[in-house]
Amino acid sequence: MSNNSVLNTSAITVTNLNKTVVTQEGELTILNGINIEVKQGDSIAILGPSGSGKSTLLGLLAALDTPTSGEIVLDGVALSGLNEEQKAALRKQKVSFIFQSFMLVDTLTALENVMLPAELAGVTDAKQKARAMLERVGLSHRLNHLPKQLSGGEQQRVAIARAFICEPKVLFADEPTGNLDSVNGDKIADMLFALNQESDTTLVLVTHDLHLAQRCARQLVMESGHLSEPAAEATQRESASDPQLVEAN
Amino acid sequence: MEWRIAWRLFKRELAQGQLVLIVLAITLAVLSVTGLARVSERLQVAINGEAANFIAADRIIDSPVELDPKVLTIADDIGLAHVTNMQFNSMVYSGDKFQLVTVKAVGDGYPLKGDIELSTGITQALPQAGQAWYENRLGGLLNYPKSIELGNSELSLTEEISRLPEGGFNPFASSPVLLIHLNDVAATGIIQPGSRVTYLYQFTGDAQQLVEFEQQAKPLLNNSQRWVDVQSGDSPIASAVQRAERFLLLASLLGIALACAAIGIAAQRYCQRHYDVVAMLKTFGASGKQIRVLFGLHLSLVTILGIALGLIGGLLLDLGITAFLPPEIAAYSPPYLRPVLLGVSTGLISAFMFSAYPLMRLLAIPPLRVLQRQLEGLQLGMWLHLLLSLAAMALLGYLYSRSLALTMTVVLAVMLLGVLLSLLGFVMIRLGHGIGMRTTNPLQLALAGLRRRARQNAVQLVGFSSALVLLLTILALRQDLLNEWQKQLPENAPNYFLVNIAPEDSKPLDDFLTLNHIKATDIYPVVRGRLTHINDEELISRRQSEDGEEGRVGISRELNLTYRDTLPPNNKLLEGQFNQTDDEVSVESGVAERLELKLGDKLTYRIDNQDLSVTVASIRQVQWETLQPNFYMIFTPKALEPFAYTSMASFHLNDQLLAADGSTLTADQVVLQLIRQFPTVSIIDVGAMVGQLRQIIEQVSLSLSLVLALVLLASALVLIAQTEAGMATRQRELAVLRTFGASGWLLRASTGFEFALLGAIAGLLAVIVAEFALYMLKTQVFELVVYMHWPWWGIAPVAGAAIVSTLGVWRCRQLLNKSCSDMLKAG
Numbered sequence: 001m002s003n004n005s006v007l008n009t010s011a012i013t014v015t016n017l018n019k020t021v022v023t024q025e026g027e028l029t030i031l032n033g034i035n036i037e038v039k040q041g042d043s044i045a046i047l048g049p050s051g052s053g054k055s056t057l058l059g060l061l062a063a064l065d066t067p068t069s070g071e072i073v074l075d076g077v078a079l080s081g082l083n084e085e086q087k088a089a090l091r092k093q094k095v096s097f098i099f100q101s102f103m104l105v106d107t108l109t110a111l112e113n114v115m116l117p118a119e120l121a122g123v124t125d126a127k128q129k130a131r132a133m134l135e136r137v138g139l140s141h142r143l144n145h146l147p148k149q150l151s152g153g154e155q156q157r158v159a160i161a162r163a164f165i166c167e168p169k170v171l172f173a174d175e176p177t178g179n180l181d182s183v184n185g186d187k188i189a190d191m192l193f194a195l196n197q198e199s200d201t202t203l204v205l206v207t208h209d210l211h212l213a214q215r216c217a218r219q220l221v222m223e224s225g226h227l228s229e230p231a232a233e234a235t236q237r238e239s240a241s242d243p244q245l246v247e248a249n
Numbered sequence: 001m002e003w004r005i006a007w008r009l010f011k012r013e014l015a016q017g018q019l020v021l022i023v024l025a026i027t028l029a030v031l032s033v034t035g036l037a038r039v040s041e042r043l044q045v046a047i048n049g050e051a052a053n054f055i056a057a058d059r060i061i062d063s064p065v066e067l068d069p070k071v072l073t074i075a076d077d078i079g080l081a082h083v084t085n086m087q088f089n090s091m092v093y094s095g096d097k098f099q100l101v102t103v104k105a106v107g108d109g110y111p112l113k114g115d116i117e118l119s120t121g122i123t124q125a126l127p128q129a130g131q132a133w134y135e136n137r138l139g140g141l142l143n144y145p146k147s148i149e150l151g152n153s154e155l156s157l158t159e160e161i162s163r164l165p166e167g168g169f170n171p172f173a174s175s176p177v178l179l180i181h182l183n184d185v186a187a188t189g190i191i192q193p194g195s196r197v198t199y200l201y202q203f204t205g206d207a208q209q210l211v212e213f214e215q216q217a218k219p220l221l222n223n224s225q226r227w228v229d230v231q232s233g234d235s236p237i238a239s240a241v242q243r244a245e246r247f248l249l250l251a252s253l254l255g256i257a258l259a260c261a262a263i264g265i266a267a268q269r270y271c272q273r274h275y276d277v278v279a280m281l282k283t284f285g286a287s288g289k290q291i292r293v294l295f296g297l298h299l300s301l302v303t304i305l306g307i308a309l310g311l312i313g314g315l316l317l318d319l320g321i322t323a324f325l326p327p328e329i330a331a332y333s334p335p336y337l338r339p340v341l342l343g344v345s346t347g348l349i350s351a352f353m354f355s356a357y358p359l360m361r362l363l364a365i366p367p368l369r370v371l372q373r374q375l376e377g378l379q380l381g382m383w384l385h386l387l388l389s390l391a392a393m394a395l396l397g398y399l400y401s402r403s404l405a406l407t408m409t410v411v412l413a414v415m416l417l418g419v420l421l422s423l424l425g426f427v428m429i430r431l432g433h434g435i436g437m438r439t440t441n442p443l444q445l446a447l448a449g450l451r452r453r454a455r456q457n458a459v460q461l462v463g464f465s466s467a468l469v470l471l472l473t474i475l476a477l478r479q480d481l482l483n484e485w486q487k488q489l490p491e492n493a494p495n496y497f498l499v500n501i502a503p504e505d506s507k508p509l510d511d512f513l514t515l516n517h518i519k520a521t522d523i524y525p526v527v528r529g530r531l532t533h534i535n536d537e538e539l540i541s542r543r544q545s546e547d548g549e550e551g552r553v554g555i556s557r558e559l560n561l562t563y564r565d566t567l568p569p570n571n572k573l574l575e576g577q578f579n580q581t582d583d584e585v586s587v588e589s590g591v592a593e594r595l596e597l598k599l600g601d602k603l604t605y606r607i608d609n610q611d612l613s614v615t616v617a618s619i620r621q622v623q624w625e626t627l628q629p630n631f632y633m634i635f636t637p638k639a640l641e642p643f644a645y646t647s648m649a650s651f652h653l654n655d656q657l658l659a660a661d662g663s664t665l666t667a668d669q670v671v672l673q674l675i676r677q678f679p680t681v682s683i684i685d686v687g688a689m690v691g692q693l694r695q696i697i698e699q700v701s702l703s704l705s706l707v708l709a710l711v712l713l714a715s716a717l718v719l720i721a722q723t724e725a726g727m728a729t730r731q732r733e734l735a736v737l738r739t740f741g742a743s744g745w746l747l748r749a750s751t752g753f754e755f756a757l758l759g760a761i762a763g764l765l766a767v768i769v770a771e772f773a774l775y776m777l778k779t780q781v782f783e784l785v786v787y788m789h790w791p792w793w794g795i796a797p798v799a800g801a802a803i804v805s806t807l808g809v810w811r812c813r814q815l816l817n818k819s820c821s822d823m824l825k826a827g
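Chains as they are written, first to last, in UniProt numbering: chain A, 1 to 249; chain B, 1 to 827.
For the record, the hints were derived by calculation from the structure and aren't laboratory data. Please read these numbers as outputs of a predicted model, since none were measured by experiment. Incorrect hints may appear among the rest.
[Claimed, not checked] Subject to a maximum C-alpha distance of 30 Å in a straight line, what follows is the list of computed DSSO-like cross-link-like pairs (lysine-lysine):
(1) B/K507 <-> B/K602
(2) B/K289 <-> A/K127
(3) B/K638 <-> B/K602
(4) B/K519 <-> B/K572
(5) A/K129 <-> A/K187
(6) B/K638 <-> B/K572
(7) B/K602 <-> B/K572
(8) B/K602 <-> A/K127
(9) B/K11 <-> B/K218
(10) B/K507 <-> B/K519
(11) A/K148 <-> B/K11
(12) B/K598 <-> A/K169
(13) B/K519 <-> B/K598
(14) B/K11 <-> A/K129
(15) A/K148 <-> A/K129
(16) B/K638 <-> B/K598
(17) A/K129 <-> B/K638
(18) A/K169 <-> A/K187
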């Protein structure tokens, strides 16, 4: 992996990233010449309508998918030279996730769900750490509950605890409040940003919710495979013309 | 660390009921193999044991000379019990009467199996020195004397024998039996060098000892010494026992195939359920190795639990069944080792081979699935799965049955089912293009659903139809075997044979039988003759061949030849045509094989010092188990007319019958009258033997029913597993329709219709495949008559529709009791 290391203070550097897929109607360009640089500890929101390529970009940044061309450097490691096993090892060391649909293992308790990534990473005191994390998200009384016994907000708090247990360098969040009502959504957002600041994690957040996006240091807008970084006011204006974004507000 | 996660997942999933189906499927596979293997081994041992009573031992060495003492030393070393008997023919005298008898001189320990039945009851004792026990008809022939002379000895007749354990079945053993102690033989002075005598060495022990003995002793025997076990020769028991054993094997094999199908379906569900977990674990950086280890361990835990439960269940099943078996069968208890080993290997092989493909797909789930839920990764195609499944089934089948014909039949039937299903799936997919969702009436909704889900439905049909195929096959075979046995041994099967009927006695005997309302079967004339030449080549005896003479070996004894115009009942022509001209002969297939005869061969016989040459015109198969008079050689009446003959016949005698004068007579009284009136006619009572044969068949029938019950259970599990899997694919659609206000009735009815249609198609496919499988089994394995089961072509689709739709509606009702949001989440 040392060959792939690049001297860089950036958490993520994306250079001329393209992603195309072959469909029955022919080749479809999903991402077109994307360039981003995200500093360590920074937080960015990627906004955009459905189908604009936000989730595809997230998948590529998090080393879950392979680009058609272009380069991604994640915490100093160029992804293009890595095979699937090396990517998995990289994710284990540096990356974590929060999903819209929580993605908890529904047969395991809240505590066991949080322990899971720590155990995979070989952390010896996974249980104590998981207990502490759940305490931090206010679920110390729900340790042995199964996901189906928890509310949506509580499930997402479990997911947040799980995301932070391995102290990731970069946290990717895919619509983290998308399945929640506004009150719960706000609580989750507060918790996410608080933990993010405390642990100096870089946050990459994909969302429709402009309100949530504006809590990030930077907002990027994805449209038809192109990524732009308008000024904050422009973002607001653009979002006003996107009914989904307005709705999310 | 992985084992901890695997254990945790296993524990939680088990507690929440998510592993029920796969554990149950493995349990059932192991249970049916262990249970059936144990039950069928118990039955086999019991059947063999009961049948062994017919030869009064487990093994006999039949020798014209005294046996090499080494053989007996081997038997002693192995720990076999053995006894030496002698058998020879001699005249006995009583006053001015004399009679040819078969003297059986038996040593201490006789009989090793079975009992001697005397007129006074069953005994374990033997004749004392100076005593002889006599067969009842000898008493009649000699007018019940107190003593008789045998060679130089005078023996007192102390007991009348009703039946000896090795009753054997040879209607031509016409001389009555006299039983004496072996120690009394020398005093008679009958046995001189060169005397014709048969030494019968009887052995008994457990299966392993017998195998060991056979391996060591058999090579020491020469060609004149015969190795006899219950299944050798044309014993009427042998073929019934062999068929029953094959049936039990087949049933267990089908049980395994069914359980494997259940495991296959359950394994697929098991893996699908874990797709998201794997995607999530990979997202959090789990390495390929970690995931392989984790799920390998998880599946191992599931398998171990299934095997453990299956073993317990199998042994309980054996105990349960044993409780219902007659005590004399329940008393047999073969070792547990083989059933347990078979059960464990079945669990391991089926769980891992049937899960291999779903597991490969599971492990290949890409992490990106966490963002794109439709991703499933690896698509190697169903062929790999089918290949693995077939290989597993064939391996298990062969391991269990050790019969290539049986295994291949099952595999071929499965392949035919596969081809039919692929064709059907293809047609359904073609029909399915452009079909939307119509929600006006349940039937339309069902049809639309059926076509839209063509691919999944084709997979589901595998489960439904394989369950039905196996059920139909086993049902039909069981019925056919029972009918066949019933046909061979009808209520009025002959229980007496009459032999040595002189031509002048034929008419009076016929009158006697008519007078007593006894209906005899066909009367067969018997001419004694020796086969001397085949294609003009002189035949030599086995002994001559052993002494180094060159030449073709024939049959060393005189044969009973008969003549008829037509093929006897229960005989089947295998080759050629039944005698058309007077110089033709029809030969029994076993003898034809032994003498290497073919159609057109010239056979020369020596009869009454004259030669008779004929050509082989046909080869017949004879059903020895029918207890009818059977012959190796059948001529035309004209060919044997010049020779002296006696006749034989058989008839059935009830215990009680009405005499000519209106009084009631017992069978014994009638037989006695017959003996007195026709002293030269020999009458042979085979009633006891028929009774025993019938008892064996009843025991086997019982086992067939038990096996059927198990197969039913396995079928039910497969049907339930398949319905469960089918409902999983429908859950989301049901949830959406429900959310949009579709009534419970509409959804239940449409699901019911859809499953009914699937069930009907499965029923139809099942009949086609079952007919094919039955054809293969009957022609290749069971030697039964092939016929089509026409009523099934109507019943199976209807029954399939009824069963499958009932299960579908039942599951649908359970689902509809949930709230819409629960259903959507779960879907």
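Okay, the hints, checked on the actual structure:
1. A threshold of 30 Å between alpha carbons decides the hint, and for B/K507 with B/K602 the separation of about 36 Å lies outside it, so the pair is violated.
2. Distance hint between B/K289 and A/K127 is fulfilled; the C-alpha atoms sit about 23 Å from each other, no more than 30 Å.
3. Annotation: proposed proximity of B/K638 to B/K602 holds, straight-line Cα distance about 18 Å (limit 30 Å).
4. The suggested pairing of B/K519 with B/K572 holds, with an alpha-carbon distance near 25 Å, which does not exceed 30 Å.
5. Under the criterion of a C-alpha separation no larger than 30 Å, the hint pairing A/K129 with A/K187 is consistent with the structure, at around 22 Å.
6. For a cut-off of 30 Å, the pair hint linking B/K638 to B/K572 stands: about 23 Å separates their Cα positions.
7. Proximity of B/K602 to B/K572 is assessed by CA-CA distance (about 22 Å); at most 30 Å being required, the pair is judged to hold.
8. At roughly 93 Å between alpha-carbon atoms, B/K602 and A/K127 are farther apart than 30 Å, so this suggested pair is violated.
9. About 57 Å separates the Cα atoms of B/K11 and B/K218, which puts this hinted pair outside 30 Å; it is violated.
10. Under the criterion of a C-alpha separation no larger than 30 Å, the hint pairing B/K507 with B/K519 is consistent with the structure, at around 14 Å.
11. Taken as a hint, the A/K148 and B/K11 pair is honoured in the structure, with Cα atoms around 17 Å apart against an allowance of 30 Å.
12. Between B/K598 and A/K169 the CA atoms are separated by roughly 89 Å; this puts the pair beyond 30 Å, and the hint is violated.
13. Restraint check for B/K519 and B/K598: the C-alpha separation of about 38 Å exceeds 30 Å, so the hint is violated.
14. A C-alpha spacing of about 22 Å is found between B/K11 and A/K129, which places the hinted pair at or below 30 Å, so the restraint holds.
15. About 23 Å separates the Cα atoms of A/K148 and A/K129, which keeps this hinted pair within 30 Å; it holds.
16. This hinted pair checks out: B/K638 and B/K598 have alpha carbons roughly 23 Å apart, not beyond 30 Å.
17. Note on A/K129 and B/K638: the hinted pairing is violated, with a Cα-Cα distance of about 105 Å set against a maximum of 30 Å.
18. Using a Cα cut-off of 30 Å, the hinted pair A/K169 and A/K187 holds, with the two alpha carbons roughly 23 Å apart.
In terms of the numbered hints stated before, the structure departs from hints 1, 8, 9, 12, 13, 17, listed from lowest to highest.
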